[in-house]
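Student: Protein chains in written order, with numbering that gives the first Met the number 0: chain A, 0 to 146; chain B, 0 to 449.
By construction, these hints were calculated from the structure, which means they are not laboratory data. Note that the structure is predicted; figures quoted are calculated from it, not measured. One should not assume that every hint holds.
What the hints assert, rightly or not - Okay, derived cross-link-like pairs now, DSS-like style, lysine-lysine, Cα gap no bigger than 25 Å in a straight line: (1) A/K1 x A/K53; (2) A/K21 x A/K53; (3) B/K406 x A/K40; (4) B/K363 x A/K40; (5) A/K40 x A/K55; (6) A/K55 x A/K1; (7) B/K363 x A/K55; (8) A/K1 x A/K127; (9) A/K55 x A/K21.
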Amino acid sequence: MKIHQLSVFVENRPGHLIVPCKLLAEAGINIVALSLAETQKYGILRLIVRDWQKAKEVLEANGVRATVTDVLAVQVADRPGGLVEVLNPIAAAGLNVEYMYAFATRMGDQAVLVFRFEDPDAALQTLKGSSVAFVDTVELFSRLDRV
Amino acid sequence: MDHTSWPLSLTAQSFRAGPSPDFLPPAELRQLQTERLRQTVQLAYDKVPLYRQRLAEVGLVPADVRTLDDLARLPFVTKDDLRDGYPLGLFAVPMGEVVRLHASSGTTGRQVLVPYTRADLGVWTEAMIRTLVRFGVGPHDVVQNAYGYGLFTGGLGVHYAAEAIGATVVPISGGNAERQIDVMRDFGTTVLCSTPSFFLQVADRAQELGVDLRRLGLRVGVFGAEPWSEPMRSRIQQAADIEAFDIYGLAEIVGPGVAGECPVHQGLHVLEDHFFPEIIDPASGCPLPDGEEGELVLTTLSKQAMPMLRYRTGDVTAICPGPCPCGSSLRRILRVSHRSDDLFIVRGVNVYPSQIESALLAVKGTLPHYQIVLTEQDDQERAEVRVEVTPEMFSDRIGVLEELQEKLTRRIRQAAGVGIDVRLVEPRTLARSEGKARRVVDQRHKDKAS
Numbered sequence: 000m001k002i003h004q005l006s007v008f009v010e011n012r013p014g015h016l017i018v019p020c021k022l023l024a025e026a027g028i029n030i031v032a033l034s035l036a037e038t039q040k041y042g043i044l045r046l047i048v049r050d051w052q053k054a055k056e057v058l059e060a061n062g063v064r065a066t067v068t069d070v071l072a073v074q075v076a077d078r079p080g081g082l083v084e085v086l087n088p089i090a091a092a093g094l095n096v097e098y099m100y101a102f103a104t105r106m107g108d109q110a111v112l113v114f115r116f117e118d119p120d121a122a123l124q125t126l127k128g129s130s131v132a133f134v135d136t137v138e139l140f141s142r143l144d145r146v
Numbered sequence: 000m001d002h003t004s005w006p007l008s009l010t011a012q013s014f015r016a017g018p019s020p021d022f023l024p025p026a027e028l029r030q031l032q033t034e035r036l037r038q039t040v041q042l043a044y045d046k047v048p049l050y051r052q053r054l055a056e057v058g059l060v061p062a063d064v065r066t067l068d069d070l071a072r073l074p075f076v077t078k079d080d081l082r083d084g085y086p087l088g089l090f091a092v093p094m095g096e097v098v099r100l101h102a103s104s105g106t107t108g109r110q111v112l113v114p115y116t117r118a119d120l121g122v123w124t125e126a127m128i129r130t131l132v133r134f135g136v137g138p139h140d141v142v143q144n145a146y147g148y149g150l151f152t153g154g155l156g157v158h159y160a161a162e163a164i165g166a167t168v169v170p171i172s173g174g175n176a177e178r179q180i181d182v183m184r185d186f187g188t189t190v191l192c193s194t195p196s197f198f199l200q201v202a203d204r205a206q207e208l209g210v211d212l213r214r215l216g217l218r219v220g221v222f223g224a225e226p227w228s229e230p231m232r233s234r235i236q237q238a239a240d241i242e243a244f245d246i247y248g249l250a251e252i253v254g255p256g257v258a259g260e261c262p263v264h265q266g267l268h269v270l271e272d273h274f275f276p277e278i279i280d281p282a283s284g285c286p287l288p289d290g291e292e293g294e295l296v297l298t299t300l301s302k303q304a305m306p307m308l309r310y311r312t313g314d315v316t317a318i319c320p321g322p323c324p325c326g327s328s329l330r331r332i333l334r335v336s337h338r339s340d341d342l343f344i345v346r347g348v349n350v351y352p353s354q355i356e357s358a359l360l361a362v363k364g365t366l367p368h369y370q371i372v373l374t375e376q377d378d379q380e381r382a383e384v385r386v387e388v389t390p391e392m393f394s395d396r397i398g399v400l401e402e403l404q405e406k407l408t409r410r411i412r413q414a415a416g417v418g419i420d421v422r423l424v425e426p427r428t429l430a431r432s433e434g435k436a437r438r439v440v441d442q443r444h445k446d447k448a449s
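Here chain A stands alone, though its shape is the one from the complex (with noise of 0.2 Å):
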């Protein structure tokens, strides 16, 4: 259930983010989701791409520092309530989320997170049975390549 995200740290400076992602495209590496945390110096950009191995290879061949995470894809109906439905019974678990981000694009009805839990496989145990839907990878890219 679980999907790789890589994590790739950047400084918060002119011209450092588009490193990593020149990278990517030169390699033909499309990114399906991400997002960009930041602190005052630094910042750390978190993507989901298809053949993660490769773009961890392509960064950090050329001095990026990039690591992989695993994390969980939920769909959440696309509508006002949507997201409290999914998170509602996280909460109830007692699970914390670290951070979450969105797919741009939309899936049918569907939208779908990026949820970071401290332990993936521990969160996904105490939500089997839940109404939270997860996403695969393989199920995650056949439903991004119909779009």
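Using the hints provided, position chain B relative to the given structure of chain A.
Tutor: Using the frame of chain A, we list chain B on its own:
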């Protein structure tokens, strides 16, 4: 190879096979040093106007220097003297007798020219042979020499000695971590020579490439040319499963080979039959007793092209009291952890990069590449440690990185006694030169000076 004897070299006639001068009885060593000191003082006085003038200023003639104790009466020579005399000022022989020129790397300013006669090259090679033999390097080793070749003394200093021992020398020179890893694996390298900071770069690169250095044939690491620390040694030894030896040298004296460790790893034996060490208080210039830390002053005892009398190295160390368990009669100095001019002062507090280094190591157990940048804003001095983010440090969570940064800042404040900002920066963004890490960049008073 038994390190109490050393091999006959094919390259220089002055070499003898048999018992190594490392094990001369102390009285014989003192006798040899005294004779050589007298000759050196005479040579310097006869051939170098600066020495003649300096001795005259303190009312001395060569005949006044009879014992090793008399050395303390001689004035010092400094790097400024060498720079002022650039290029040929302190040469004691005509250029026709000079067979090689090197230049100091100029980490701290204008370069200094260093001449060698053929006999000087012999002394240098002898010193490095004795050093490498002590590390257990022998004819069956493959020595990957990642010191820079060129005007820098590191490359050729190691090269000729390793060749004379009969080892297979790979003159790869510094730089290109990836190529170094390929060569290590493909050529079956057993001995690697480089600056410690460059080796850590190689280790990081190997990790990125998924190469386990511990599984290659590496056995011995020969590290020098910049100050490093004991925790750095541990990291290097763990990363590559090697025994890491510290060597010390400087171009002004001869290059690498002035001092080096033995398998006991309790200090570096100074090849004092050629290079005589003293420790002085850098402020007063007074000699300090064994065990006390101060500036290392070296006098060459057998060099011809540019004899050095009481050269102030700027390196801070101490002479280890007592004999070494290895049995060598050569005195030892402590690892050079910093230079007296490495010291920087932030808001009135003296700080050495080694203090910052120990704090960085304490937090993550690994030493990232770092640089200290001193700036001035609105008459306020600021120091910032820029740290290249390593895989061990990096996380996808801001909270984890913030916590790390706070921890680093706290540790550095404890170690240095003054607040220094920590900035995490991208890999490979801090300058490196000749494989030597440039630790302090001072950008203060720039506007005023220009």
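Student: With reference to the structure, classify each hint as holding or not holding.
Tutor: Here's how the hints hold up against the structure:
1. A hinted pair counts as satisfied when its Cα atoms are at most 25 Å apart, and A/K1 with A/K53 qualifies at roughly 18 Å.
2. Of the pairs offered as hints, the one joining A/K21 and A/K53 holds, with about 14 Å between alpha carbons and a cut-off of 25 Å not exceeded.
3. About 17 Å separates the Cα atoms of B/K406 and A/K40, which keeps this hinted pair within 25 Å; it holds.
4. A threshold of 25 Å between alpha carbons decides the hint, and for B/K363 with A/K40 the separation of about 21 Å falls inside it, so the pair holds.
5. Distance check on the hinted pair: A/K40 and A/K55 sit about 23 Å apart at the alpha-carbon level, within 25 Å; holds.
6. For the suggested pair A/K55 and A/K1, the alpha carbons sit about 18 Å apart, so the restraint of at most 25 Å is met.
7. For the hint linking B/K363 to A/K55, the alpha-carbon distance of about 23 Å falls within 25 Å, and the restraint holds.
8. As the CA atoms of A/K1 and A/K127 are separated by approximately 13 Å, the hinted pair is consistent with the 25 Å bound.
9. For the hint pairing A/K55 with A/K21, the CA-to-CA distance comes to about 13 Å; that is within 25 Å, so the pair holds.
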